[in-house]
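**Q** Sequence:
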Amino acid sequence: MGVMNDTSQTDWLDQLVERVNQEHPDGELIVASGHSPSGTYHIGTLREIMTANAITWALGRSGRKARHIDFVDDFDAFRKVPKFVPEEWAKYIGRPLPLVPDPFDCHDSYGAHFLTQLYEGLEALGCVPDERVSGYENYRSGAMADVTATALDRLSEARRIITEVGGRQLDEHWAPVQILDDKDNLRTLKYAGWDGQRREVQWRDRDGGTGTVKLEDGRVKLDWRLDWPARWAKWGVSVEPFGRDHATKGGSYDTGKVLVSDVFGGRAPYPVPYEFINTLGDTKKMSKSVGNVLTPGDALEVMPPEILRYFVMGSRPSRTLNFDSGLGFYTLVDEYVRARTTEGGAALGYARAAQAEETISSVPFNHLVSVHQAAREDEAATREILERTGYEEAVKGEWPVIARELRFVKNWLAKYAPASVKFAVQDTLPEVELTEAQRAFLAKLAHTIEAEQDLNGQGMHDAIYAAAEVAGLKAGQAFVALYRVILGQDSGPKAGWFLASLDHGWLLKRLREAGL
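Numbering (my numbering), first residue to last: 0 to 515.
Worth double-checking, as some hints may not be accurate.
Claimed, not checked - 27 Å max Cα-Cα, derived BS3-like pairs, lysine-lysine:
#, residue 1, residue 2
1, 493, 443
2, 79, 64
3, 189, 90
What the hints assert, rightly or not - The following label-pair restraints were derived from C-beta to C-beta distances:
#, residue 1, residue 2, range
4, 330, 174, 43 to 53 Å
5, 136, 182, 12 to 22 Å
6, 142, 107, 12 to 22 Å
7, 27, 170, 35 to 45 Å
8, 356, 435, 46 to 56 Å
9, 189, 296, 38 to 48 Å
10, 14, 399, 33 to 43 Å
11, 410, 166, 43 to 53 Å
12, 296, 27, 25 to 35 Å
13, 436, 399, 42 to 52 Å
These aren't lab readings, by the way, just hints derived from the structure by calculation. Idealized CB from N, CA, C, for every residue including glycine.
Construct all of the structure, not just a fragment, from the sequences and the given hints.
**A** Here it is as structure tokens:
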């Protein structure tokens with residue numbers, strides 16, 4: 000799950016800011032992100048919001064005034080019942096998300112439930128947008144009435160652009176808007192025409208009934224193909240990241256780029272298309288409805304905020320990211336520490352920008368993982384072992400940071416660590432099979448450790464090989480013997496430093512007991 004491959008990777012944010020400043024040399028810059036609270040948010044959504052937030056931060060660092068606006072598409076209709084929601088919620092299909100009850104009965108609505116979860120994650124990550132704009136509130140208040148009228152006044156031009164640029168053949172029943180009926184449903188009324196003088200949309204229902212609704216009533220919502228360029232024009236969006244599926248030739252960005260200029264009289268934002276974040280081994284895009292999601296909260300239980308920011312922002316948006324919560328994360332933390340000692344670039348600077356206090360120490364993460372297990376997850380014992388295994392200066396200068404990092408270590412071990420790195424020191428000698436040569440090796444090693452006193456990791460490593468040679472035992476079988484009598488398994492951490500981390504008296508007793 001590494002991210003920093005070369006200088007161009009780390010400098011992408013600096014390069015993007017330079018291009019944006021060239022295209023928009025004057026005035027305040029608006030950086031946008033957008034999403035719908037249609038279900039559980041996952042870390043894939045974070046790529047859009049965090050990219051917009053990072054661009055805003057980097058523009059500010061370059062001396063520009065910039066603002067991040069997060070557009071919440073909550074005037075979307077509730078389309079289908081996800082697996083985790085009771086089937087009876089099918090009766091709310093067609094309602095705007097803020098008008099669907101919260102199935103978990105803890106927030107004002109279905110949409111508010113998932114949006115609150117997202118923003119709690121953003122708060123923990125330190126990348127809360129400067130402003131949040133609700134599509135539902137803006138349409139219902141009449142704030143979108145003028146741009147909606149503009150789209151309907153120029154509907155023939157909009158149809159031509161979508162057909163010619165997007166390559167879509169729109170039939171005569173294509174609806175440029177959705178209409179909210181008196182029972183708060185967006186799916187029962189169909190667009191039938193537009194009276195620009197009266198600013199009224201004409202509709203027909205399924206039974207052939209007809210009627211009109213005034214634009215200022217806030218019950219008319221633009222189709223998303225028109226809504227996206229409409230808000231570019233209304234808010235003057237300068238930069239916007241969006242999924243690569245919108246960046247295909249003739250796709251929604253291409254059509255939006257022409258719609259915003261020819262229909263709304265605005266300008267398309269600088270595009271930043273991004274690839275998706277997948278979980279390791281899953282090539283499918285994370286989906287709220289399918290359920291293959293890893294939420295920001297899930298990730299932040301084991302991944303400190305600066306590491307998650309580094310994972311997402313350390314690579315160009317055009318690179319697909321694979322989230323590996325196992326061994327990939329095991330190495331990612333150490334990669335971040337190495338990168339932290341270099342100049343880095345804006346991406347690395349952003350990863351650290353929101354940290355009021357560090358949560359990653361200079362002690363290698365893999366060492367912390369092993370030491371914490373050797374200490375049976377006791378914090379005081381972990382500190383003592385670190386001091387004995389070559390990290391006395393780190394403990395002296397960074398203990399508060401190490402203590403914070405240990406909380407993430409503990410969670411990672413409990414939730415995501417692969418079996419290959421997990422172990423537990425056994426309180427009593429396990430019932431294991433050992434050959435006579437293995438027992439002789441253990442007895443010889445005990446004698447050496449007692450004679451030498453206070454062997455460090457390298458000293459223990461050398462003593463293991465020497466004792467194995469005397470016992471006529473291959474090194475691999477010597478390690479198996481050690482792991483069996485101490486951990487009750489055939490593999491474990493690096494044996495030299497591991498033995499050095501254990502209590503001297505306890506280790507001698509265990510080796511002698513097993514070597515009898």
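**Q** It remains to establish, for every hint, whether it holds in the given structure.
**A** So, going through the hints one by one against the coordinates:
1. Between the alpha carbons of residue 493 and residue 443 the distance comes to roughly 20 Å, so the proposed pair stays at or under 27 Å and holds.
2. For the hint linking residue 79 to residue 64, the alpha-carbon distance of about 41 Å lies beyond 27 Å, and the restraint is violated.
3. Of the pairs offered as hints, the one joining residue 189 and residue 90 holds, with about 20 Å between alpha carbons and a cut-off of 27 Å not exceeded.
4. Between residue 330 and residue 174 the beta carbons are some 51 Å apart, a value that agrees with the proposed interval 43 to 53 Å.
5. Between residue 136 and residue 182, the C-beta spacing of about 20 Å keeps the proposed range 12 to 22 Å intact.
6. Between residue 142 and residue 107, the C-beta spacing of about 21 Å keeps the proposed range 12 to 22 Å intact.
7. Checked against the hint of 35 to 45 Å, the pair residue 27 and residue 170 passes, with Cβ atoms roughly 42 Å apart.
8. At roughly 55 Å, the beta carbons of residue 356 and residue 435 sit within the given window of 46 to 56 Å.
9. Between residue 189 and residue 296 the CB atoms are about 40 Å apart, so this pair conforms to the stated range of 38 to 48 Å.
10. Range check, residue 14 to residue 399: Cβ separation about 36 Å, and the 33 to 43 Å hint holds.
11. Between residue 410 and residue 166 the beta carbons are some 49 Å apart, a value that agrees with the proposed interval 43 to 53 Å.
12. Checked against the hint of 25 to 35 Å, the C-beta distance between residue 296 and residue 27 comes to roughly 33 Å, which is consistent with it.
13. Distance hint check for residue 436 and residue 399: the Cβ-Cβ separation is about 47 Å, which falls inside the suggested range of 42 to 52 Å.
In the structure shown, a violation is registered for the earlier hint numbered 2 alone.
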